[in-house]
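Residue numbers (the numbering used here), protein chains in the order written: chain A, 195 to 552; chain B, 400 to 889.
To be clear, the hints were calculated from the coordinates, so they are not data collected in a lab.
Even for Gly, the Cβ is constructed at its ideal location relative to N, Cα and C.
Treat the hints with care, since some could be wrong.
[What the hints assert, rightly or not] FRET-style restraints, in silico, Cβ to Cβ:
hint : chain 1 : residue 1 : chain 2 : residue 2 : range
1    : A       : Asp371    : B       : Arg753    : 31 to 39 angstroms
2    : A       : His492    : B       : Gly747    : 47 to 55 angstroms
3    : A       : His492    : B       : Pro604    : 14 to 22 angstroms
4    : A       : Thr525    : B       : Glu564    : 26 to 34 angstroms
5    : A       : Pro461    : B       : Asp471    : 51 to 59 angstroms
6    : B       : Gly493    : A       : Ala280    : 31 to 39 angstroms
7    : A       : Thr525    : B       : Thr755    : 30 to 38 angstroms
8    : B       : Ala693    : A       : Gly265    : 52 to 60 angstroms
9    : A       : Gly397    : B       : Glu564    : 48 to 56 angstroms
10   : A       : Thr551    : B       : Pro604    : 25 to 33 angstroms
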Amino acid sequence: MTGGAELARLRGAVPAKRHNARTIAALTGNPGCTRRAVLDAAGVDKPRLAQRIGFPSSFGQSRFALARGNGFEAMLKADGCALLLALLRDTVGLEAPDVGYDDLGSDADDTLAARQARTRELLAGAAGAALIDHPLLTLDVAGQQVFLEPDLIALQVRGRLHVVEIKSFAVVDGQADGAKVSGAAVQAAVYVLALRRLLAELGHDETLVSHDVVLVCPENFSLRPTAVVLDVRKQLATLRRQLTRLASVSGLIAALPPSVRFDLALPPAELIAALDQVAARYAPECLSTCELSVFCRHESAGTTATLGRPVRDALGGIETIDEVLAFAAGTGEPAAEQAEAAALLRTAARLRAEALTR
Amino acid sequence: MSTLTALARAQAFACGRALPIATVRHLHVHDRPLVLVPLAMAGEANAPLAALVGTDRAAPELLVVAQPRNRDQRFAFAAALAERVLAYLDSCIGETEAVAVDRGRDVRHRYVDAPQLWVPNTGGVEFVRLLGRSTRFRSVDGEYPVPPSVPLLGRWLTFFANSAEMPGSSLLLNAVQALGLHWATGQSSVEDAHLAALLAWIEPPAGRTGVEAARDAELQPPAGPATDPDFDNAVLAPLMSVPEPDVAALTAVLREQMTPAWEQVWRSLDLLRALPAGDRVAGRWDGDRDTFSAYVQYLADGGAPQPRRDGAVAAAARLHRLENAAGRYAVQRAFDDPLVMADYRLTGQAFTGRVTLADPDRVDDTGKRPVLRPRIMVATAEPVRVEPGATLTSPARPAQKARVVSLTPTPAGTDVLLELSGGMGRKLVAEPGSVPGVGEDLLLTTLSEAYRPGATFPDPADTPWTHGGPPETAPDLSPSDPGGEDAAGA
Ligand code: SF4
Chain A
195 MTGGAELARL RGAVPAKRHN ARTIAALTGN PGCTRRAVLD AAGVDKPRLA QRIGFPSSFG
255 QSRFALARGN GFEAMLKADG CALLLALLRD TVGLEAPDVG YDDLGSDADD TLAARQARTR
315 ELLAGAAGAA LIDHPLLTLD VAGQQVFLEP DLIALQVRGR LHVVEIKSFA VVDGQADGAK
375 VSGAAVQAAV YVLALRRLLA ELGHDETLVS HDVVLVCPEN FSLRPTAVVL DVRKQLATLR
435 RQLTRLASVS GLIAALPPSV RFDLALPPAE LIAALDQVAA RYAPECLSTC ELSVFCRHES
495 AGTTATLGRP VRDALGGIET IDEVLAFAAG TGEPAAEQAE AAALLRTAAR LRAEALTR
Chain B
400 MSTLTALARA QAFACGRALP IATVRHLHVH DRPLVLVPLA MAGEANAPLA ALVGTDRAAP
460 ELLVVAQPRN RDQRFAFAAA LAERVLAYLD SCIGETEAVA VDRGRDVRHR YVDAPQLWVP
520 NTGGVEFVRL LGRSTRFRSV DGEYPVPPSV PLLGRWLTFF ANSAEMPGSS LLLNAVQALG
580 LHWATGQSSV EDAHLAALLA WIEPPAGRTG VEAARDAELQ PPAGPATDPD FDNAVLAPLM
640 SVPEPDVAAL TAVLREQMTP AWEQVWRSLD LLRALPAGDR VAGRWDGDRD TFSAYVQYLA
700 DGGAPQPRRD GAVAAAARLH RLENAAGRYA VQRAFDDPLV MADYRLTGQA FTGRVTLADP
760 DRVDDTGKRP VLRPRIMVAT AEPVRVEPGA TLTSPARPAQ KARVVSLTPT PAGTDVLLEL
820 SGGMGRKLVA EPGSVPGVGE DLLLTTLSEA YRPGATFPDP ADTPWTHGGP PETAPDLSPS
880 DPGGEDAAGA
């Protein structure tokens, strides 16, 4: 187990960047990338790092979208969650007379401890149907305790707990943007995992937390809410794997030379040299999931990976564009396992040239 | 991704500019297309913010919604867009031509022209679909009446969005996909989705490589409909979060933000027009004209708006049509374009060879009637992945079938013995030139343009409820309740 000291050395004299469900969900985006795992485990501020080394990327969020999201959530939770309760009655069968509603207070740092204690207390009782608003859960991420704030936890009558996730993207005629739904599913899975660990700690059966989460979205072009139940078992499995992997990253970190440091006070050249020491696995999908992507893309220039997975596969998994072109021209010397791909490339090049000169 | 296209991407990276992956144009480009560049409000399901629209490159009209959450303003936008779109559609309705149907026993009429709508990217297509969905059921009376042009626009936009799903249709096209069908860049398809970056690879400015030009282009505003969050926060929010937005100021910043995309779509049209059209493009456009003519007629007959969701039978029939169209489109592109056919040669589904023996007058008289069945021998050095008994076609003689009689390995490759039928006239002697002669180079493929009959589906009314029952065709015209659609911010 790597001590916090080693992670702190890696990060430098700034506080660790706090994880939240969204950043944990993002960890599943490129599970094969060691660089990201190391930086995230150490809590390095990736956006600032990218900025510092001259490869800033923009992951801004529109104020309009934020306002709409907040407005939708406020509407659902108004009057003791009246609208939401009515909706949940229909979807998870929350029964009206039993429903209690606990708001654990607003989102502020000084209420963290109190909210966490109250969440534990409510869940320790785990009886009767209730909605818990602003609950606070914790999850261990690479030896670091992360505070998580699900939108809501719904306790069903028979003691089954459901995580309720409120999102402001629309469901139109029963269809929603696939990428957004899967993003919401991973985030909800983070909460399910944290909740299960908490219940286990409290001596309850962790399967009391259902893998069916409730996603609440606006329906069609209105603000009228609709709820869908998502099964997040697959996301849970991925998440567990990635968290285990992240925990084992400590071994990797321990093996890094002492010169590797991501202290943002260091000059850019040194930071880049440090990044070079930690292997990345760039793919174009990084551009929408990782703040370091502009740097990694630049660094990977000339590899087939930058062209995207389908292209790389169609090129027989050959590593660099130079090699591909050499094989296509018949000048390269393919290794035994590359021979088949090289022959195919050669034929492809001949056919392409022939069709273009016709 | 075919190996040839992947190789083209690798080559494009190395030479610093996009390379062709087609030798002809595979879509119809209208002389007078209607271009639409939409922008939507972030966070909303489909709240139009602005649109540049028009058929004149030099004079785009900018429609702006100063308060996208305001219902009246949204429908005023829809009405303004309807005016432009419906006028354009009207301009395509005019002269008709007669088409023989039922083997010449009957004729039907179709319009000589059809509309063609262009948007920058697949997001634009989605915008069209959603705007169609949010307007086609609107009621012209009741509590929240809209002008009749609004639901009519909704039906047409839905018509366009549905046709965009049909492979080979050119009624609604998007620039990113249209360019991507003809050029391979040295970057990933994720990056190609940015129209400016894609164009930068196709036409990098002098002295700049594709990568460099694409990096510059990525700094340009996105081609919508999603806005740049920084633009939202820094420019739009201050202008819009006041009770009475300064419409003139808003219009100015939006025009500046959207003009690059407008130009890029027209530039894409120029590039595509410069390519010669494939032989089968006109035939597919005929199909588009049929579809358009039929929908004009359907509306004239008082047809209902498209249902929210297809019933089970309609959905299955539609899926079947889409699959057929996809297959036909793939084959037609290969037949039109040697560079596309090269993909099939690489996988052994097509090969070229030279005719070494020919017996053009061979008659098979073992059956009831003697039939003309010439045989030819084709020698090829390419891989041949076909079995005896398989039927091959040659793009040069698409009406003729060649049955594989035998395959004989030779030191140089394979000798393929073929028996020909069809496409040689009605007599027992082949018409001159209809049978390939000795010395002729021939391309043969397992791909076939032959008509595949559609499956038969039960009448929706006969479908049991377990299969969805009769589809929902009647629109839900109940007026919006206060908590319902479009009431937000009203
Ligand atoms: S952008 Fe770089 S660090 Fe981030 S996941 Fe991709 S390869 Fe890893």
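Going down the list of hints, with the structure as the test:
no., hint, verdict
1, A:Asp371 - B:Arg753: 31 to 39 angstroms, "54 angstroms, violated"
2, A:His492 - B:Gly747: 47 to 55 angstroms, "40 angstroms, violated"
3, A:His492 - B:Pro604: 14 to 22 angstroms, "21 angstroms, holds"
4, A:Thr525 - B:Glu564: 26 to 34 angstroms, "44 angstroms, violated"
5, A:Pro461 - B:Asp471: 51 to 59 angstroms, "57 angstroms, holds"
6, B:Gly493 - A:Ala280: 31 to 39 angstroms, "55 angstroms, violated"
7, A:Thr525 - B:Thr755: 30 to 38 angstroms, "34 angstroms, holds"
8, B:Ala693 - A:Gly265: 52 to 60 angstroms, "44 angstroms, violated"
9, A:Gly397 - B:Glu564: 48 to 56 angstroms, "54 angstroms, holds"
10, A:Thr551 - B:Pro604: 25 to 33 angstroms, "28 angstroms, holds"
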